[in-house]
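Participant: Now for the letters of each chain:
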Amino acid sequence: MTGIVNYGAGNIHSVFTAVKTCGEEPFVIEKAADLKKAAIVILPGVGAFADGMKSLTESGIIEPLITGIKEGKPFLGICLGLQLLFSHSEEGSCGGFGLIKGGVKKFSFADRAFRIPHMGWNRVKISSPGETLFKNIPDCEYFYFAHSYYPAPENRRVIIGETFYGNEFVSAVRRENIAGVQFHPEKSGDSGILFLKNFLEGKWLR
Amino acid sequence: MAAIRVIPCLDVKEGRVVKGVHFENLIEAGDPVEHAAFYSGERADELVFLDISATIEGRKTMVDVVKKVSEVVFIPLTVGGGITSLQDIEKLLKAGADKISINTSAVKTPGLIKEGAEKFGSQCIVVAIDGKQSASGWEVCIESGKTPTGIEVKEWAKKVEGLGAGEILLTSIDMDGTQKGYDIQMTRTVADNVRVPVIASGGAGTLEHMSTIVKEGKASAVLLASLLHFRKYTIAEIKNYFREHGLEVR
Numbered sequence: 001m002t003g004i005v006n007y008g009a010g011n012i013h014s015v016f017t018a019v020k021t022c023g024e025e026p027f028v029i030e031k032a033a034d035l036k037k038a039a040i041v042i043l044p045g046v047g048a049f050a051d052g053m054k055s056l057t058e059s060g061i062i063e064p065l066i067t068g069i070k071e072g073k074p075f076l077g078i079c080l081g082l083q084l085l086f087s088h089s090e091e092g093s094c095g096g097f098g099l100i101k102g103g104v105k106k107f108s109f110a111d112r113a114f115r116i117p118h119m120g121w122n123r124v125k126i127s128s129p130g131e132t133l134f135k136n137i138p139d140c141e142y143f144y145f146a147h148s149y150y151p152a153p154e155n156r157r158v159i160i161g162e163t164f165y166g167n168e169f170v171s172a173v174r175r176e177n178i179a180g181v182q183f184h185p186e187k188s189g190d191s192g193i194l195f196l197k198n199f200l201e202g203k204w205l206r
Numbered sequence: 001m002a003a004i005r006v007i008p009c010l011d012v013k014e015g016r017v018v019k020g021v022h023f024e025n026l027i028e029a030g031d032p033v034e035h036a037a038f039y040s041g042e043r044a045d046e047l048v049f050l051d052i053s054a055t056i057e058g059r060k061t062m063v064d065v066v067k068k069v070s071e072v073v074f075i076p077l078t079v080g081g082g083i084t085s086l087q088d089i090e091k092l093l094k095a096g097a098d099k100i101s102i103n104t105s106a107v108k109t110p111g112l113i114k115e116g117a118e119k120f121g122s123q124c125i126v127v128a129i130d131g132k133q134s135a136s137g138w139e140v141c142i143e144s145g146k147t148p149t150g151i152e153v154k155e156w157a158k159k160v161e162g163l164g165a166g167e168i169l170l171t172s173i174d175m176d177g178t179q180k181g182y183d184i185q186m187t188r189t190v191a192d193n194v195r196v197p198v199i200a201s202g203g204a205g206t207l208e209h210m211s212t213i214v215k216e217g218k219a220s221a222v223l224l225a226s227l228l229h230f231r232k233y234t235i236a237e238i239k240n241y242f243r244e245h246g247l248e249v250r
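Line order of the protein sequences matches chains A and B. Everything in the first sequence is counted per the working numbering, starting at 1 for the first residue and increasing by one. Everything in the second sequence is counted per the working numbering, starting at 1 for the first residue and increasing by one.
Just chain B, same shape as in the assembly (with noise of 0.2 Å):
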């Protein structure tokens, strides 16, 4: 079996950590590299950088953080953020990124996920989507949660799926930010309904909550954001609450 990953998420803006590891004297403020670092020597499994760069100028340095970054990290990176096109995605590949995340784009031009993954394979094609809870289900939202599309999360997580996506990162629009749990009905829906992992984000406040998005939502993995930048809880902290409840982690 995989071991179950605990991925922390960083929010890069033209080429600087934002929302990052709030520890004093340890870290440098924003540097990418530290923060990659410092999660790294942690036994993160992976890192996933999100560009939310308002400038073109500012996307751009996205390739130098990636490249600067898997010089010294030896474990997986994942991008997204402001990626739509299949030089975008090279790019990034080029520099060091081992996935991508496509989002917005994959919505609006889902012939991306399909030639994405023909070129560079399904498994450093990432699709993030974001579901907001609807009348009938799930409906996907797009542009950072604001837009709501009138696709049902399902319907679209199983498409994803079929143009080649390799993984699903799944976030819970209602619960972002609130620490009162995952959306767990949603995740459960998403991963009966497709084989690829799917990767839970969105709503973690407790350790009961990150097992149980696992062990109920049959989730592969936990995207963590600001637990693990305010230091609520360490990485070391989950693996052994994991490792505790039954759950194997690196």
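Isolated chain A, as found in the complex (with noise of 0.2 Å):
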């Protein structure tokens, strides 16, 4: 079954019905033993990088999750729960869980024509071409973004997908078992069901 982390505020409605429109059957995690019923997990999240780390740290969820990961469970992480992979943000002094290294960075343009938050549909370019997880996907097609802060991995290898906003920021990164998308696929129409379908399939996956 497909779990789908609860950290508090964010929307997780919407990417349980996105999954189940997949055909898949969504549950809700909401602590730490729920986890052991998740074949693959799904980290959602919209808000701040520190209140997200300080809730999953509360709810004890933080590190069986982590260790699942490790373990090879295949992971989903979607716009914070992107940018909780990597090591540090900008955002809070806190880290993350390091599974990617790199840190979290603020958008900040002199060209005002560049709004922040980033709001709205954006392409993505396939950085890797072939990449499962954009299967029957075209490249640059537009998925829709909601951020302010963007992940900048150390190593160039795992991006799939880039975007540019004022400048080429990475938003989809893959690391063996784990995937991220800064863009919020159950947010993206029929692009966005897509890549939840290429992303719950397996295939991806070496």
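Keep in mind that the hints are not guaranteed to be accurate.
What the hints assert, rightly or not - Examples of chain A residues lying across from chain B (beta carbon under 7 Å, computed):
{"no.": "1", "residue": "P138"}
{"no.": "2", "residue": "Y142"}
{"no.": "3", "residue": "G189"}
Please keep in mind that the hints were generated in silico from the structure rather than gathered at the bench. Idealized CB from N, CA, C, for every residue including glycine.
Join these two chains into a complex; the hints should help.
Facilitator: Following this line, the structure appears as structure tokens:
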């Protein structure tokens, strides 16, 4: 079963129904014990980095979650769920999961045409041709974004998607059984549902 | 660059869409799910539901509306109207709304913007500002535009951004319903004074009005109601026009 982690404020309902639309039976992970039932884990999330870490720590989910991911459980982080994979963030002083080396940075542009938050639909350029997570999705397809921070991985090999907003930033990553997207597949219409289907099908796992 | 967004706005009263799409036989009158699915199919970039219920019971039905809509429509959903507390915000977000929009209550209790942004993130707090031309510029009006506040639109926009609003939905009371074009000056003034995206509303009558408010008014999105509902333009027509005039659309 696909478990969706609930850690306070966040639109898990949409992720839940999107996974259902993909033909899967999702359930909500509220506490550490629920993780065992999950063959696949999705960490959605909007809001602040430090708050996210805090509520995951307080609920006791964080340690078994990281252990599960390290043991090879397929994992998808969405928006804040992606950012938490990284070592650290400019948003708050606490560290993240440290599963992907690098930091999370804040957008800063001199040109006012680039509004912050980056809010709306933007293109995702597929950085690794043939990436199974983007199967049947055209290159430079539009996905929905709503964020002021973006991930900056140290190792470029984890990058599978990039987006231009003021500068190129990393909008999708993959490392072994870990996938993460800065956009919201659950809010990106048909392309978003396709992406989730690809993730859930598991063919991207080596 | 993010694509310029075209956002249909639907008025919902006691759980039913009023002033919705005027298309015979296609849509069951007043069903919010059908309306949402219709516009999503037309490639609307987002949807706004404005709750104009007169009763508390009517308001409660909005949560169910949001739940049902978010089960079939996978584009961002904003809900506005009658939201006065963190609990209201939480209920709607939990039901599947991505953003909530506050107007009168933002003026009456600006703390709601700050607390909402801190708890749920700036990206889900939209502050709607209704502006009316005044001697010195534009004045913020509340309670459906009926009550002037004496607050300057530009200053208020800067303030709500500072409090954590992630977006400003700016409506010109003077132009709303006239189809004579947006208030370009007001929109531009706000857009030049904040960093968050500005959604323009009120006054669109032609495709040129819409591209002008983006190009000259520096709006990131256009909010449309009757022009779409009465089928004067389809979303595809608007986007084609934008594309032909050098604006990026999805």
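Participant: Give a verdict on every hint.
Facilitator: To see whether the hints hold, each was checked on the structure:
1. P138: Violated, because the Cβ-Cβ distance from A:P138 to chain B comes to roughly 13 Å (cut-off 7 Å).
2. Y142: holds, 4 Å
3. G189: holds, 6 Å
The earlier numbered hint that this structure contradicts is number 1, and it is the only one.
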